[in-house]
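Asker: So the chains spell out like this:
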Amino acid sequence: MITISDLTLSFDSDRGRTVVLKDFHLEIADGEFVAIVGASGVGKSTLLRVVAGLVKPTSGIVTRDSPERPGRRPYAMVFQDARLLPWRRVVKNVEFGLEGLGLSREERRRRALEALALVGLTDKADRWPHQLSGGQRQRVAIARALAVDPDLLMMDEPFGALDAITRQALQDELVDLWQRTGKTILFVTHDIEEAVYLADRVVLLAGSPAGVRSADRIEASRPRQRDDEAARHTATEIRTRLHGYVQSGEGI
Amino acid sequence: MKTNKVKRLLLAITGVVLFLGLWEALPRFGIVTPMLLPPPSDIPETFLREVSSGAWHTAVLESLKHYVSGLVLGSFLGVALGVMTGMSRTLEDLTNWVVRLLRPIPGLAWVPFAIIWFGVTPAAANFIIIIGVFWINYFAALGAVQAVDRDLIELSNAFGHRSPLARLFKVVLPASIQPIMSGLRTGLGQAWMAVVAAELFGVAGLGQRMMQASSLLATDIVVVYMITMAILYGIVDTTFVLVRDRLLAWKA
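Protein sequence lines, in the order shown, are assigned to chains A and B. The first sequence lines up with residues 0 to 251 when you count with numbering that gives the first Met the number 0. The second sequence lines up with residues 0 to 251 when you count with numbering that gives the first Met the number 0.
Calculated directly from the structure, the hints in this document are not laboratory data. Any given hint might turn out to be false.
Result set (BS3-like, lysine-lysine): computed pairs, CA atoms no more than 30 Å apart in a straight line [to be verified]:
(1) A/LYS123 - B/LYS250
(2) B/LYS4 - B/LYS250
(3) B/LYS64 - B/LYS250
(4) A/LYS91 - B/LYS250
(5) A/LYS123 - A/LYS91
(6) A/LYS55 - A/LYS21
What you are looking at is a predicted structure, and each value in this text was computed from that prediction instead of being measured.
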């Protein structure tokens, strides 16, 4: 279980204090797939960065009840751009998060290759990033995150920059990966259909400062159909709610 | 494609032949006296004389000693301080005005102090070379480090590489290696200039030998050393490019 408690984040600038998030609360069960949707600029990405420890919250705390285990990192992130290091070959990119964990070179290589196998890119291990397609690069980024065996896998609009066909393929692969690895996933997107198709629970983030406005459990059984009637209904409801917030000036 | 290549090669050779022909013709036909411009056909003989007397070896070795030690030290200091300043806002602010004051002073303007402090010694030559090379590398490294993509720093943080040293070696240095290399390469040329300038003031080496020859109006000897410098620089620069291309193999 991962608990995000009463998270508040504000910035001080010349024009005074801007409160981005206020009293954000969310509990994520082990193995759960949670999607956060909201208008762009509402603070979804910022929220992920606070949970990942990249941005210090003004107040609030993120806790997890899983014990510290050696050779792992508690959190891992997949960004919208694959963000591979161009001077490292694919397998060395996947090893990036494993360095500094006190693992032997062989152990790092073994785990990196394992993660690459999960995303089906074993044969690309020795390529340079610039030799891969956009979808392949994003798969490597997912492998890099999986390699550190995180308690929480965070994804910040990971498929937002891909073409429609690649995006659908990667969505299905992600669900498959999630089911095979049992990872807990926190997935940020502005695409409500994507959220409803992938997640167990869809959290709507809106308002300024932003907070949780609704959380819908998606009951559709897996494997899901993209044209599932109930899911489409839920998506419409969430969209209507979001439009309501946007129109009342609370969207962002 | 292939005929084009042959054509360009032929043109280049023609250019060289024309250049040598013109050079040879000027003194041969009495347009200028051979003392002012020795014909190229005299040069091989002069060269052999310099080699057999041992003067050539001594001068080249002395110059290379100044060159290599000054270049290595100046480049290292320049890159190291440039990288450190690029990574630390405090250091940048602290050095900002001092750098602006010292930077515009040409390396050769330090010759009086070099002679007062070190006398006409190899140390004086080193000092001049180090100053010339230092600034080039300092600014190349500073600019390169400051231009490193912030997203890569964020990536480094997200995967647990948060200490300045880890950040330096995992991301900052590899990401800025290319502009740093350009700085080093510019320094290779700058250092040659400084070597000759320092030796013209009497430190033993190519420059000093040239001054001796010119005071005796032995212009053929001067030409031998001018060509020697061009060839030495060519070798150094070509070697550097080979090494750099190996290091930047991932660029492709």
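Asker: Work down the list of hints and note, for each, if the structure agrees.
Answerer: Taking the hints in turn, this is what the structure says about them:
1. A/LYS123 - B/LYS250: 17 Å, holds
2. B/LYS4 - B/LYS250: 25 Å, holds
3. B/LYS64 - B/LYS250: Violated, at roughly 34 Å.
4. A/LYS91 - B/LYS250: 16 Å, holds
5. A/LYS123 - A/LYS91: 11 Å, holds
6. A/LYS55 - A/LYS21: Measuring from Cα to Cα gives roughly 14 Å; hence the hint holds.
When each numbered hint is compared with the structure, a violation occurs for hint 3 only.
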